[in-house]
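With these hints in hand, go ahead and build the complete structure from the sequences.
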Amino acid sequence: MTSTDSATSAVESRLLELGITLPEVVQPIATYVPAVVSGNYVYTSGQLPIINGELSASGKVGSDISPEDAKEYAATCAVNALAAIKSQIGDLDRISRIVKVVGFVASDPAFTGQPGVINGASELLGKVLGEAGAHARSAVGVAVLPRNAPVEVEVIAEFV
Amino acid sequence: MTSTDSATSAVESRLLELGITLPEVVQPIATYVPAVVSGNYVYTSGQLPIINGELSASGKVGSDISPEDAKEYAATCAVNALAAIKSQIGDLDRISRIVKVVGFVASDPAFTGQPGVINGASELLGKVLGEAGAHARSAVGVAVLPRNAPVEVEVIAEFV
Amino acid sequence: MTSTDSATSAVESRLLELGITLPEVVQPIATYVPAVVSGNYVYTSGQLPIINGELSASGKVGSDISPEDAKEYAATCAVNALAAIKSQIGDLDRISRIVKVVGFVASDPAFTGQPGVINGASELLGKVLGEAGAHARSAVGVAVLPRNAPVEVEVIAEFV
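Here the protein sequences come in this chain order: A, B and C. Residues 357 to 516 (our numbering) make up the first sequence, in order. Residues 357 to 516 (our numbering) make up the second sequence, in order. Residues 357 to 516 (our numbering) make up the third sequence, in order.
Hints in this document: simulated from the structure, not taken from any laboratory. All of these numbers come straight from a predicted model, not from anything done at the bench. We treat Cβ as the ideally placed atom computed from N, Cα and C, and that holds for glycine.
Some residues of chain A that are not near chain C, with every Cβ distance over 12 Å (derived):
1. Ser422
2. Asp425
3. Glu428
4. Lys483
5. Ala490
Distance ranges between label pairs, derived from CB positions:
6. C/Arg503 - B/Ser422: 16 to 24 Å
7. C/Glu410 - B/Ser422: 26 to 34 Å
8. A/Ser452 - C/Asn408: 42 to 50 Å
Residues of chain B placed beyond 10 Å of chain C at every Cβ, according to the derived structure:
9. Arg370
10. Glu373
11. Gly375
12. Pro379
13. Thr387
14. Glu410
15. Leu411
16. Asp425
17. Gln444
See the structure below:
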């Protein structure tokens, strides 16, 4: 058993209890990467709600997409961020703290519930990481996101 | 006298000279926190212009809100960021540098004066922190912010 | 020859091969600075596509500005970020890694090609920095940017 054996990872066990299996990390089609390690930190790229290579939904939250659905998509973004982090550090149990989350919500101009949407990401991180999952966070409503995604989440994680 | 005694803090004395008392930090209603310490850094959550629990104003800058008023709200965001930082490190005199400020301005699509708005935050930090307050900064105009706030500011501070 | 002699800088040589000369850094008209060094990191301010003090273009990508042109403007933002980094560390060859890029694209609400636009910055960094240029990245579409710029790019670089 190695440190990357998912059977031994407490974090991945909690993900499994939530019915979530970490996806393979999709390589961006560009000269950037899903995540970068620098010092004791992993910086992830902005993650979209992609499952098995398919964007879960497209459109603006508050008009095309309900806040409840958007919250689930934000959780998917957080799962993809964890997968990106794992691709760099091998074992999610090495995460000592989620330092920062920025959540971008593609928003109808009248929609002001961005925090509730990004709670989908925050709560997922709390459930699987416990106290290490408590992070600083910004949530903002943007005009439009890549591929018309409803939400995009980026993460900075500290690890040991 | 302890290091958290506000009477001994040069930074808080300068805030008081500006007529500003640091607020108590409002805990977000979610699994995130107002600020996180990692290494010698404090990362704050995005701060809204909230005073005594009330959002100072709501709406888009350039239509509902004047740039001049928005600049004052940005200063309030910076004060709230300082309060969040103090909640983690106890004494604002420990700040060695404001490393980064990101300012999000909920903007009418025709409004392009985001830098002038976020100057409200930058100038407040300069006044109370001196050279340690000189930071890298991004200012962008977004579609809409949480609770229809006109401005949101996040800060990364280095401390000793 | 000093470490800041551009003739000895491999990174600047590659910029020259691309026909790019690093500009002088324009000081922002505010209490913020083009870039801040903290530890082994340089954080740049958000960079606009300014050449010789002139904004290259203004307007929204997808309506006023073509994605192809916007991609070139993103490359200009990256060049300006490199200039800001050089102003702090003297020699771009000291960059060990571009850790993070955030690209904000002032977008027509129907435009969803933000990644293709920000590729202009990512590809420039890859061409001149090689593997050290491979970064984590977020690309988002915002309502409007300062001075009605079509694109704004901020960078975190690790150096030795």
